[in-house]
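Protein chains in written order, with our numbering: chain X, 1 to 387; chain R, 1001 to 1231; chain Z, 2001 to 2386.
Be aware that one or more of the hints could be misleading.
Computed list of chain R residues with no C-beta within reach of chain X, every gap over 10 Å [what the hints assert, rightly or not]:
| hint | residue |
| --- | --- |
| 1 | GLY1063 |
| 2 | ARG1119 |
| 3 | HIS1141 |
| 4 | HIS1217 |
Below are the BS3-like pairs computed for lysine-lysine, each with C-alpha atoms no more than 30 Å apart in a straight line [unchecked claim]:
| hint | chain 1 | residue 1 | chain 2 | residue 2 |
| --- | --- | --- | --- | --- |
| 5 | Z | LYS2137 | Z | LYS2242 |
| 6 | X | LYS108 | Z | LYS2242 |
| 7 | R | LYS1027 | R | LYS1220 |
| 8 | X | LYS170 | X | LYS108 |
| 9 | X | LYS90 | X | LYS249 |
| 10 | R | LYS1220 | X | LYS384 |
| 11 | Z | LYS2089 | Z | LYS2242 |
| 12 | R | LYS1140 | X | LYS384 |
| 13 | Z | LYS2089 | Z | LYS2137 |
| 14 | R | LYS1027 | X | LYS384 |
If you anchor each label on the Cβ, the simulated ranges turn out as follows [said to hold, decoys possible]:
| hint | chain 1 | residue 1 | chain 2 | residue 2 | range |
| --- | --- | --- | --- | --- | --- |
| 15 | X | GLU7 | R | GLU1131 | 22 to 32 Å |
| 16 | X | PRO17 | R | GLY1063 | 47 to 57 Å |
| 17 | R | ILE1022 | Z | MET2279 | 27 to 37 Å |
| 18 | Z | LEU2301 | R | SER1044 | 30 to 40 Å |
| 19 | Z | MET2279 | X | PRO378 | 25 to 35 Å |
| 20 | Z | GLU2220 | X | SER210 | 33 to 43 Å |
| 21 | X | GLU132 | Z | ILE2354 | 45 to 55 Å |
| 22 | Z | PRO2215 | X | ARG139 | 50 to 60 Å |
Hints are computed from structural coordinates only; laboratory data are not their basis.
Quick caveat: nothing in here was measured; it's all calculated off a predicted structure.
Even glycine gets a Cβ: it sits at the ideal position worked out from N, Cα and C.
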Amino acid sequence: MRILPFEYAVRNLGRSPARLLLTVGGSALVVLLVLTATGFVNGMQAAFVTSGRDANIILMGSGSEESIERSEVSMRTSGIVAASVPGLIKRAGIDAVSPEAHVAIPIKGIGEEGTMSVIRGVEPAAFLVHDEVRVIAGRPPRSGGNELLLGRLVARGMGFNPPEQSLGTKLEIDEEPYEVVGVLEAGGGVAEGELWTSLTDLMATSQRDSISCVVVSIDDAEPADIEAFAATRLDLELIAMPEVDYYAKLSAFFRPIALMVLVTAALIAIGAVLGGLNTTYAAFASRVREIGTLQTLGYSRQAIALSLVQESLLAAAIGTLIACGLGAWLLDEVVVQFSMGAFGLRIDATVIAWGLGTGLVLGVIGAILPAWRCLRLPIAESLKAGE
Amino acid sequence: MSTPFIQCRDLTRTYTRGTERITPLDKLDLDIDRGRFVALMGPSGSGKTTLLNLLAGIDSPTGGELHVGDTPVHSLSRGRLAAWRADHVGYIFQLYNLVPVLNAYENVELPLLLQSISRQERHRRVSNAMEAVGITDRHKHYPRQLSGGQEQRVAIARAIVTEPDLLLCDEPTGDLDRETATSIMNLLQRLNRDEGRTIVMVTHDPATTRWADTLLHLEKGRLLEHEEATT
Amino acid sequence: MSRLLRLIPVVFRTLRRSPIRSGLTITGIAMAMYLFTGVESMRNGVRDATEAGAGDSMLVVYRENRYCPFTSRLPEWYVDRIERIDGVKAAVPMQILVSNCRASLDVVTFRGVPEDALGASLSPGTEITSGSISDWKQRGDAAIVGEALAARRGIRVGDRFNAAGVAVYVAGILESSEMQDRNSAWVHLPFLQEALRRGGTGGFVTQFNVVVDDPARMDEVALSIDQAFAHDERPTATRPEKAFIGRAARDIVGIANFAGILGWGALVAVFALIANAIMLAMRDRIRDHAIMQTLGWTGPLIGWMVLVEGAMLGLFGGILGAFGSWLTIQYGRFAMTMEGASIEISTSAWTAIIGTGLALALGILAGVAPALRLSRRSIASSFGAV
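Bound conformation, chain X alone:
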């Protein structure tokens, strides 16, 4: 099949600068919207995916599988676990057994409206169990000092960029002053949206007499060993759940929200495409006679259709590249504070691929249907068009 020169498609773009601007701008907006929505969902899901370690098992109150914040576990549980279950990770004499309190509570900067956040009360063993967590500025909190370790995204969400600038900030938890002494990062995991403090300080502030869970890291032990422990110690009312499973459940919990975001973006994108189709259709329809002439010269319908699609793809591609560039530059790691946590929009290769794919679909659909309409006409009729 002999095809029309590519230059023909390029030059046709310049026929109507206004229409080109509309098409490029429209494509850019739609792709940017798709990037934002998929980046939001990607960031939300990624936070959960990176949050669980295979070796970690959570022991929590039975019936609390959906929400650690709800769980209540006796304080003595961590000691009993360490003594009863062999095969746990041990470093320098310290067992990888982390008693933790997860409390959802409003945090206030002095004199400001509180933001609902999750505070995790921990002991030093937590850094052994959650070894993806690193202190990137300052130091871990000490017991008795009302000190806080801020998650990187929490600091950014509070306006500190770089997050290290948050060191020394005073915050209020239940009208008790706390000071930020460090910033943590956790490879994109949920902990980056949390605040960590000493377990005893948090229990005193929140007037708790029980902890939320005990997280253990297994070495030679099997998950089944921990489950057996929970099953035999009925007095402790525990269930054992692999950490990855807990975060998978949490991820599934947010799926309806993710779906809502994607459906809204899809609706807007489809509406924009429909509007664009009308304009493209009109643009091609005004060239029906030209299309008939090209067929008279001997160009096949397929060759002409290909040229029209090239034209549309070019315009859409320009808009798409602009949007992908803007998206990667402006949207990546934008902090979203949502539902007792914070996560960053994640514009990675997958999201960019979605953006490019959207642009491709826009370009092809934007031309295929109008082109088919115009090429459907018998040549003799198309030559009479405009008479």
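Let chain X serve as the given structure and place chains R and Z on it in line with the hints.
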């Protein structure tokens, strides 16, 4: 006696418009020898444009046979027709139908891109065609920068650049003033006499028929009169 | 006037003759109005849940500085002191258990109340539509389920259902004008306390729902309650129920506000779609209009037809989108819950009607400029354009 270049036997074209059947060509029998300059005349709806379109292969008959040269045009598929057109037919329109985003040179070059010839050969043929019609000084101009007569010259150059056997003209001077029309008709006559091209021209204007050597009158899809010009 | 009305079928035929252009435009408008109506429904839900009505008389006494029900713990004996405060008509201790404190679409909220206080806990106008309170009283694990929750989960009287680690028997379904009541399951207080922690929660509850004598004194009574416990080990924060919901469901309120922007964007899109379609149509019909004028049609008459065309596009697209959204929400029964507070995405037919009306108005507006231009155009210039 040699075989006619164009042979129509019982050539029929019928359309359906809603519930009505329209037959612009009704069992037309017609022979045209190679190298003739034929003017097709007739009132509106007589079938002359339909006949032109069938000769060009941009429409297909619903009955009868049409042979152009050795080719049974009536039986070719859409794809084959396109290829045949590219090699054998040059079409000149009343409204020129140049591609607005291509300049004059590129418009003339367009049909050659369908052929497997080198760039140099393409350039040679385009230059020859533009010279033949007298438009070489405007080769970089875009259609919007040309007068009506100049546009038609470019369209004629485009039609002859593939050196087709058959030139078909649909009211080629319909949109031109008298002086320009005369120069275009002179050009067509020169192509016919000097280069031996067979030309079939549809016209409403009796003045243009004096350049033709054969006059055909169609009415209601049938050949009414066949006149040979007296030189 | 009759001439103007006679032209309406003509315009309709014109739209039908360009099925693809009309279809594309109407579908685009329908999508935008679907989104707009959905957003308005969400905002309606937020308004209904958080804006106090004149007759509202319910206060919620919560643990100060807490919102997640897991974290609010108040001694049950507070109820005696609360009932003695001037202006308080009745106080009911309530334990709340939610499957998850975070915001999402499918959260189950259990409300545990003392057996004899169920009536006082429910809002006036609540009706038990199947089962009965006496059936509920007969079983310790019985629940009366709000009809919105029942519809969402496909629950009927006699079923057993499990959520948040709690297994209950459905003894009744209730209908209520109050959003929170419709979206909760009402169980016995001791049952829920036991479910939360074996041996009970040690005499603690999540909150107290307080009915005041005089709605005009709500703020005064709230202040009195908080002052009464200000120096206790567990101080309280008392707010009108709607205000409490608004604070608890801040994320959802924030989403609804953001969605409002989307809603406006949808309306702008509708305007642009119709304006674009009309502009394209006018370009195609320059010759037709010139010929109509030579036949005796006046410029203003042609302008009127343009207005009608815009109105029709808006009307058809609006009906499709707005009522489509209304149907989706009616059957979907969506509600977002956060920290035990539910906000329904609710809509009435009025929202759909108003949405359609807006699309119609936008259609007319989009046609005004082209109509004016056309009505002033001279025949000569129209032919000049051909």
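The hints, checked one at a time:
no.: 1; hint: GLY1063; in the structure: holds (17 Å)
no.: 2; hint: ARG1119; in the structure: holds (12 Å)
no.: 3; hint: HIS1141; in the structure: holds (15 Å)
no.: 4; hint: HIS1217; in the structure: holds (22 Å)
no.: 5; hint: Z:LYS2137 / Z:LYS2242; in the structure: holds (29 Å)
no.: 6; hint: X:LYS108 / Z:LYS2242; in the structure: holds (23 Å)
no.: 7; hint: R:LYS1027 / R:LYS1220; in the structure: holds (11 Å)
no.: 8; hint: X:LYS170 / X:LYS108; in the structure: holds (9 Å)
no.: 9; hint: X:LYS90 / X:LYS249; in the structure: holds (29 Å)
no.: 10; hint: R:LYS1220 / X:LYS384; in the structure: holds (21 Å)
no.: 11; hint: Z:LYS2089 / Z:LYS2242; in the structure: holds (19 Å)
no.: 12; hint: R:LYS1140 / X:LYS384; in the structure: holds (28 Å)
no.: 13; hint: Z:LYS2089 / Z:LYS2137; in the structure: holds (24 Å)
no.: 14; hint: R:LYS1027 / X:LYS384; in the structure: holds (25 Å)
no.: 15; hint: X:GLU7 / R:GLU1131: 22 to 32 Å; in the structure: holds (24 Å)
no.: 16; hint: X:PRO17 / R:GLY1063: 47 to 57 Å; in the structure: holds (50 Å)
no.: 17; hint: R:ILE1022 / Z:MET2279: 27 to 37 Å; in the structure: holds (35 Å)
no.: 18; hint: Z:LEU2301 / R:SER1044: 30 to 40 Å; in the structure: holds (32 Å)
no.: 19; hint: Z:MET2279 / X:PRO378: 25 to 35 Å; in the structure: holds (29 Å)
no.: 20; hint: Z:GLU2220 / X:SER210: 33 to 43 Å; in the structure: holds (37 Å)
no.: 21; hint: X:GLU132 / Z:ILE2354: 45 to 55 Å; in the structure: holds (51 Å)
no.: 22; hint: Z:PRO2215 / X:ARG139: 50 to 60 Å; in the structure: holds (54 Å)
Checked against the numbered hints above, the structure breaks none of them.
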